[in-house]
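Asker: Dock chain F against the given chain D, drawing on the hints supplied.
2 protein chains.
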Amino acid sequence: MPRGERTLRLQHGSRIEALCVLGGHVRADVFGAAPAGAVAFGVKHTEGVSVDVLFRGRAEPEAVPGAGTRWPLDEGTALRFSMSRASSEVNDNKVTVSFFAEGGKPINQAGVFLTGVGISLDVDADQDGVVEKNSPNKASWAWGPEGHGAILLVSCDKEFPFIPPSDCGHEQVFNREDLLDMAQMVLRTEGPQRLPRGYEIVLSISANDADKVGVFHVQNPFFGQRYVQVLGRRKLFHAVPYPGGAAELDFFVEGLRFPDETFSGLVSIHVSLLEPLAEVWDLGGGCWGERRGERSRFLPQGIPHSPIFTDTVVFRVAPWIMTPSTLAPVNLFVCSMKDNYLFTKEIQTLAAKAGCKLKVCFGYINRGDRWMQGWPWAGQAWDGAFWERRFLFRQGPDFGYVHKEPLFEATASLDSFGNVEVSPPVSVAGKEYPLGRILIGSSFPAPAGRRMTGLVRDFLYAQRVQAPVELYSDWLAVGNVNEFVTFVPTSDKKRFRMLLASPAACYRLFREKQKEGQGQATMFKGYSGTDTKRVTINKVLSNDVLTQQNQYVQRCIDWNRDILKKELGLLEEDIIDLPALFKLDKQGKAVPYFPNTVTMIVLAKDLGIPKPFGPVAGGECCLERRIRALLEPLGLCCRFLEDVASYHGSLGEVRCGTNVQRRPFAFKWWHCTP
Amino acid sequence: MPRGERTLRLQHGSRIEALCVLGGHVRADVFGAAPAGAVAFGVKHTEGVSVDVLFRGRAEPEAVPGAGTRWPLDEGTALRFSMSRASSEVNDNKVTVSFFAEGGKPINQAGVFLTGVGISLDVDADQDGVVEKNSPNKASWAWGPEGHGAILLVSCDKEFPFIPPSDCGHEQVFNREDLLDMAQMVLRTEGPQRLPRGYEIVLSISANDADKVGVFHVQNPFFGQRYVQVLGRRKLFHAVPYPGGAAELDFFVEGLRFPDETFSGLVSIHVSLLEPLAEVWDLGGGCWGERRGERSRFLPQGIPHSPIFTDTVVFRVAPWIMTPSTLAPVNLFVCSMKDNYLFTKEIQTLAAKAGCKLKVCFGYINRGDRWMQGWPWAGQAWDGAFWERRFLFRQGPDFGYVHKEPLFEATASLDSFGNVEVSPPVSVAGKEYPLGRILIGSSFPAPAGRRMTGLVRDFLYAQRVQAPVELYSDWLAVGNVNEFVTFVPTSDKKRFRMLLASPAACYRLFREKQKEGQGQATMFKGYSGTDTKRVTINKVLSNDVLTQQNQYVQRCIDWNRDILKKELGLLEEDIIDLPALFKLDKQGKAVPYFPNTVTMIVLAKDLGIPKPFGPVAGGECCLERRIRALLEPLGLCCRFLEDVASYHGSLGEVRCGTNVQRRPFAFKWWHCTP
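In order, the protein sequences belong to chains D and F.
Residue numbering for the first sequence follows the numbering used here, starting at 152 and increasing by one per position.
Residue numbering for the second sequence follows the numbering used here, starting at 152 and increasing by one per position.
Please note that a few of the clues may not be correct.
When chains are identical, the list treats them as one kind, so a pair holds in a single copy or across two.
Unchecked claim - When the alpha-carbon atoms are kept at most 35 Å apart in a straight line, the in silico DSBU-like pairs for lysine-lysine are as follows:
no., residue 1, residue 2
1, Lys582, Lys819
2, Lys664, Lys684
3, Lys717, Lys386
4, Lys664, Lys716
5, Lys245, Lys716
6, Lys734, Lys245
7, Lys245, Lys664
8, Lys386, Lys740
9, Lys690, Lys245
10, Lys676, Lys664
11, Lys666, Lys256
12, Lys386, Lys734
13, Lys666, Lys245
14, Lys504, Lys645
15, Lys284, Lys717
16, Lys737, Lys386
17, Lys664, Lys256
18, Lys716, Lys284
19, Lys666, Lys195
20, Lys645, Lys734
21, Lys716, Lys195
Rather than coming from a laboratory, the hints here were simulated on the basis of the structure.
Only chain D is shown next, with the shape it has when bound in the complex:
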């Protein structure tokens, strides 16, 4: 029992031996241990033990035992003792109870030899980088700037991000530097050089936590710093050899899973002190069986040890945190394939301008890599914003690495990562979201609605620090929220703008141009993703079906606009409408009519925007001009990427072939108050 009172059974005629854990209390029933005929008792004890006499369960102030004091024996009379210093030798303290008959005649004694031992399992419960000793907060966790509790990163083999989870964290041997991202846990012990015979110290985790946490310990301190796993899957228990004296044993802890619907994120690790069945009977008189002598060496067969002390520490596994596009980029990943050389070149220029590193991943390496095998999303990785997410989460030592199977099992595109975005930090009616809010694409209540699978949704909700907002993306063929909303950084007070795809803005622009006499301006010049029919502003504006479809699309986007305004606390002036057109496919789902500029890649002030191939008048695309007019006054730099269309057909999106690793939030996630 941690911090509780431990029951010890004394017995007249016996002297037992017991460990006394420092800081703990031991309670021994005196009445129950008395021989028949006893009416009074006295207590003697060594200096290292504090003893209270309790009458009917309550300590009385005058009841401090001392030489010669005798107390009446009554039901409920008990001793409570504790030790505050560790023993230097086994059994170096003792408590003896003497029983007296009517008239004061001594009848018998009961006693206990005590060995004081200090044990504490410690973590950095105040998140200051130091593993303090026996923090009162080590077994609990609280959110917020005034909160407390140790944290744990979700990690996996760093060189092989695609290693299947079942291979993760098992039977691995690490060097000291491999442990840098792990949380430190210290087992502190204090006591004699050896424990009495049969006692054991055991680290343990529950079966529930076994797939969520791994604990590593140095294998042999004399032969290099090799660390092996001592707790984790298939390893619920680890006997720790008692080091003797005052010692600190370092353990390193990693998370193996992000929180999800079935996992709150909290894991507990315990240390227990196990006691063998008492085996010392060196006083005369009847023990339970009223015999003595030879039995003192009788070791019970097949009787398990029982725990006399357990200390627990709690960690919270770091949540999956997404970085909004408004954060500064660090690395830009692009997948190089044989047909996207031009695109790669364009991206290279963009990255150079934005001052972030370009990392080209060669398709054959990744697709052929053994770590990719069997992963149903291997193809999707390049098709959605998947890679971006994977790298985003590797946010330095404060954040974990994503490795969550269910996220990748879903095949419906509502589950793809393009369907999850994250807003910049916002404040909504007094409630702060310092890490922003996750935007989930979902269906709106209609009979034919698709919906992100519960698994992914619930996973996102379970992260807690970026409370999700559910949008309505099911009106899109691909169903991804990044087809109608993105965020760009600004240097003003608001710090960002939300960009929305807007058919209304496009029709307004086109009508303006028509009024200006440019109705014959032609779209899709040089665009390889569509057929060669000439499309003019006049043609677009006179297409009734297209108009109707875009009115519908606008209403769908407006529905989201209204949700976003409310849930992100935005005003109209925080929103910029980018001209966009959609058309409906045979299923009545929307696809972009021309390359969708809102699916841009945001590298700080530098924007890589899918070239819209809009109506060209006076040698200039009026869509590009309008987009520049909307964004450049905010200090943003627009770069229209030509090759997107051929790279991704008429649904072209710059993000599809790229992924950005961004500088993580400076804000500490555990300071959130979800």
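Answerer: The following block gives chain F in isolation, referenced to the frame of chain D:
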């Protein structure tokens, strides 16, 4: 958008029609709707509409529209309007915006016909039995006496408690009286006799909630009160015919699942107003496509409706609540089988004395019943306290009926219901547990530990109102906590005592008797469950192995005693040690040495205790005598049931063949603060 602002797109040259939901705001961009060349605008509107003019998104006090007032047209200029009374006719209100060129020349107009409609989905959010209109608390839930939120019972077909869940609540037709245990939900609508063409009202639940809730509605009010399911599994949407005028439609809601690890207990039901794509264009000038006339009847093909308003209500499904043995019994169930006639007779006497109804279930009925088929626990039901639990949960209209598959799938006995007990209401260090705390048997951290499966544990934790305490029961062969702890009611201030099995108390008693010269007193007289060797007090006390084993058992029980004292806030005087002996089987697990008296059946003050067949001296069993001496001063009446042993062999327990339905707690579970 509930309570948010809805975006509406005006367009010069068009007059559209729109529904305006009472209490909601509609925002229309004036700048975006203006024709080229417009520099000012004016607004006219009917009386039923309130209109604000917003400049750069902010209403200015002087900007109240009126006849003749003109405002400059600027980016961000918008109208916000709302209606506070329902329309009596479609389109009986309108807002018209007139645009003016430099010099005041009128250019064009944009307008909207408005129909005011009131919609609210209502529940009893303040738990007073009345479904109030549009409670501000209807979409959220808060625990505690100051909390709020509607509640829902988990129900299943009442006549067939064993009906598999997949057959539950589906395609069922109910009469009005069948709905008594369901929660009422009211859809209130107010408006003209008909809605404009194409509008729909849809009730919906998310796919996530579909297996957790069922909603019923009257099928045809003119042909008897037959209620059919309108939402539930496979029915995520239900179109509600618009009743016209001011109307209230009653729905009835039942829970289908208890909260569990993957289900917080909260379910949401939505009503949405769906709008078809606007189709009225009756003003001159260009709409988006700059045409008019015939298109006003053009109905877009394959374009889904879009939602313009959603109202949501939230229910919490009642948790699984256990009734402690200290609550008064209502019905005592006993399973009659061919070999337990005597036992049934004894139980009958006990029930008569306790004044509770005896219900005999005939084995052949239950085992042969088609509702029992395929239930893996059908046998276990009679072997653990299973039946007791099933009936316990049928606690009147405030509580639900248990119907949870996973609980019954587990076969390990740590998962049986004997391994879950519940304490009486307790107060622990200032924290109140007004419904007591669930006691779960579990393993203690040791390599060979069994453990209640995570599913059951997590289910119990998910109920929240009886926060579980994990005990260590794995040292027992059967592993059930009811083998060492029970609770009896008392009429003093504490209101209960905790009874613990105690080998130490038994050895103390036996040694007393030996000292009194009764060492030859013989046990197991008349006991049919063991062999015929004569067992005396002397023999028991001289059995070294038995002594050792019971020391170990005592230590295991003491471990639990220490936890229980701490977690239930108990003092020593709240605990009574009942003499018990155990022996270890070949696996080192404990089984009772004589019938285990702590597994008694508690019917208020009347206790049905397994007859221990202890040492008989002076014609009296010293165990029975000691137990009476411990319990009768508390006002309890001990009845030792003889036939238990033959009924259940040497592990005999009275509870095994019986189950008690108890009077539910008067305390309302939603007043808990978990």
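Asker: Hints first: check each against the structure and report whether it holds.
Answerer: Here is what the structure says about each hint:
In this assembly of identical chains, the alpha carbons of Lys582 and Lys819 lie at most 35 Å apart whether taken from the same copy (17 Å) or from different copies (32 Å). Proximity of Lys664 to Lys684 under the C-alpha cut-off of 35 Å is restricted to the intra-copy arrangement: shortest distance 21 Å within a copy versus 109 Å between copies. In this homomeric assembly, Lys717 and Lys386 come within 35 Å of each other (Cα to Cα) only across copies, at 30 Å, whereas the closest approach inside a single copy is 48 Å. Taking the shortest alpha-carbon separations for Lys664 and Lys716, only the intra-copy value of 30 Å comes in at or below 35 Å, while the best inter-copy value is 82 Å.
Within a single copy, Lys245 and Lys716 get their C-alpha atoms only as close as 72 Å, which misses the 35 Å cut-off; across copies the closest is 26 Å, which meets it. In this homomeric assembly, Lys734 and Lys245 come within 35 Å of each other (Cα to Cα) only across copies, at 31 Å, whereas the closest approach inside a single copy is 88 Å. Taking the shortest Cα distances, Lys245 and Lys664 sit within 35 Å of each other only across copies (31 Å), while inside one copy they are farther apart (99 Å). For the homomeric pair Lys386 and Lys740, the shortest alpha-carbon distance between copies (23 Å) is at most 35 Å, but the shortest distance inside one copy (51 Å) is not.
Taking CA atoms no more than 35 Å apart as the test, Lys690 paired with Lys245 passes between copies only; the shortest distance there is 33 Å, against 101 Å inside one copy. For a Cα distance limit of 35 Å, the shortest separation of Lys676 from Lys664 inside one copy, 17 Å, qualifies, whereas the shortest one across copies, 108 Å, does not. Taking CA atoms no more than 35 Å apart as the test, Lys666 paired with Lys256 passes between copies only; the shortest distance there is 19 Å, against 120 Å inside one copy. For a Cα distance limit of 35 Å, the shortest separation of Lys386 from Lys734 across copies, 31 Å, qualifies, whereas the shortest one inside one copy, 56 Å, does not.
Within a single copy, Lys666 and Lys245 get their C-alpha atoms only as close as 103 Å, which misses the 35 Å cut-off; across copies the closest is 29 Å, which meets it. In this assembly of identical chains, Lys504 and Lys645 lie within 35 Å of each other by CA distance solely inside one copy; the values are 25 Å within and 76 Å between copies. In this homomeric assembly, Lys284 and Lys717 come within 35 Å of each other (Cα to Cα) only across copies, at 24 Å, whereas the closest approach inside a single copy is 46 Å. With identical chains, the CA atoms of Lys737 and Lys386 are at most 35 Å apart between copies only, with a shortest distance of 26 Å across copies and 55 Å within one.
In this assembly of identical chains, Lys664 and Lys256 lie within 35 Å of each other by CA distance solely across copies; the values are 23 Å between and 117 Å within a copy. When the C-alpha separation of Lys716 and Lys284 is checked against a cutoff of 35 Å, the pair qualifies only between copies, where the shortest distance is 27 Å, while the shortest distance within a copy is 48 Å. For the identical chains of this complex, Lys666 and Lys195 are inter-copy neighbours only, at 28 Å across copies versus 107 Å inside a copy, given an alpha-carbon limit of 35 Å. For a Cα distance limit of 35 Å, the shortest separation of Lys645 from Lys734 inside one copy, 34 Å, qualifies, whereas the shortest one across copies, 74 Å, does not.
For a Cα distance limit of 35 Å, the shortest separation of Lys716 from Lys195 across copies, 28 Å, qualifies, whereas the shortest one inside one copy, 75 Å, does not.
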